[in-house]
Amino acid sequence: MVELIVFLIAAAGTLAGALGVILNRNPVHAALSLVGTLFGIAVLFVAQEAHFLAAVQVIVYAGAIVVLFLFVLMLLGVDRAEDLSVEPIKGQRVVAGIIGVGVLCLTLVALASTSFEATGARPAEGDRNLRVEAVADVNQLGESIFTDHLFALEITSVLLVIAIVGAVVMSRRVKRDQLIEDPLVAAAEAEEAARREAEEAAQTTEPETEGADA
Amino acid sequence: MLLAVAEVTPAWYLTLGALLFTIGAVGLMVRRNPLVMFMCVELMLNAVTLTFVTFSRMLQDVNGQAVVVFVLVVAAAEVVVGLAIIVALLRRHPEVTADDLKVLKG
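Protein sequence lines correspond, in order, to chains A and B. Each step along the first sequence adds one to the number in our numbering, with nothing skipped, and position 68 is 78. Each step along the second sequence adds one to the number in our numbering, with nothing skipped, and position 98 is 1370.
Just so you know, these hints were derived from the structure itself, not from any lab. Just to be clear, a hint being listed does not mean it is correct.
Claimed, not checked - Covered by chain B, according to a simulated footprint, are these stretches of chain A (three or more residues, beta-carbon under 8 Å):
#1 28 to 42
#2 45 to 59
#3 65 to 73
#4 103 to 110
As the list claims (entries may be wrong) - FRET-style restraints, in silico, Cβ to Cβ:
#5 Val-12(A) with Ala-1370(B): 35 to 45 Å
#6 Thr-1369(B) with Gly-107(A): 14 to 24 Å
#7 Phe-156(A) with Val-1346(B): 26 to 36 Å
#8 Leu-160(A) with Glu-1279(B): 36 to 46 Å
#9 Val-1346(B) with Ala-22(A): 27 to 37 Å
#10 Ala-65(A) with Val-1346(B): 11 to 21 Å
#11 Ala-208(A) with Asp-1372(B): 38 to 48 Å
#12 Val-1346(B) with Ala-212(A): 49 to 59 Å
Unchecked claim - These stretches of chain A come out as covered by chain B in the derived footprint (C-beta under 8 Å, 3 or more residues):
#13 14 to 23
#14 164 to 178
Ideal Cβ positions, reconstructed from N, Cα and C, are used throughout, including at glycine.
Chain A on its own, in the form it takes in the complex (with noise of 0.2 Å):
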């Protein structure tokens, strides 16, 4: 009873989440939809006794992601709405729609031919993990990631790093001299240089109509 209601309070923040930062036009607003989907998540972790990952997912999304996330937007000020009403690419939302309903049926196909019948059952031969009948606590994750996931965590250590380096130096300013030919920097002072030619020898040609022009 209890975890029914708590599962339909999360699942609808979580939905309202989600859907706000796809519908919201202005990014910062989005951003702060998926502080709701991402608490929401958290929500219904401690309601399967994930309580470590509930705790991990509030500290690293919504109190690290997320607020990069704002920063970036709010420091480079981009914060601008996007005009939602428009359709760049003709057809691009049909076709999304159309992608976004198969891979809901997909999943859902997927689930209801495993999930519903093999609810609590086990694989079948033992692992040492599975050994104790109780769900899993912080104890457990933690001795199952420092001994058989070991490997794969001194390589996401490794990872952590080059994501750390990558950003620096992606990030950083360019001088003006080092700067890679831009494709659209070009083309944009190039339509620039065309139109201030046009506008001179317009004025050449007819100079009295000058105050016309202005």
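Chain B: place on chain A using the hints.
Chain B alone, transformed into the frame defined by chain A:
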């Protein structure tokens, strides 16, 4: 009345995960702001972690939760690198959308 009889089975959590994954996938295909697209990727990752935790509880196997820890680490690394790319990009073209990114040169 309905609340009294209904029981939360793992299938409910898995269905919620499927819905969340779908919303994230549709958002990724529809939105054009690179930052919002990144948030949609986070939604999909969260849907998968929810599914992992549910299966971990269903099968009484702690390895599902161990995988979620790694997913969290990889998601953090992905966000850091992705946001660095987006920062480098938006600094030079503040109005850029995913449609304009035909080249990968910063």
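Each hint tested on the structure:
no. : hint                                    : in the structure
1   : 28 to 42                                : holds (count 7)
2   : 45 to 59                                : holds (count 8)
3   : 65 to 73                                : holds (count 4)
4   : 103 to 110                              : holds (count 6)
5   : Val-12(A) with Ala-1370(B): 35 to 45 Å  : holds, 44 Å
6   : Thr-1369(B) with Gly-107(A): 14 to 24 Å : holds, 20 Å
7   : Phe-156(A) with Val-1346(B): 26 to 36 Å : violated, 18 Å
8   : Leu-160(A) with Glu-1279(B): 36 to 46 Å : holds, 38 Å
9   : Val-1346(B) with Ala-22(A): 27 to 37 Å  : holds, 28 Å
10  : Ala-65(A) with Val-1346(B): 11 to 21 Å  : holds, 19 Å
11  : Ala-208(A) with Asp-1372(B): 38 to 48 Å : violated, 25 Å
12  : Val-1346(B) with Ala-212(A): 49 to 59 Å : holds, 58 Å
13  : 14 to 23                                : holds (count 4)
14  : 164 to 178                              : holds (count 9)
When held up to the earlier numbered hints, the structure conflicts with 7, 11 and fits the remainder.
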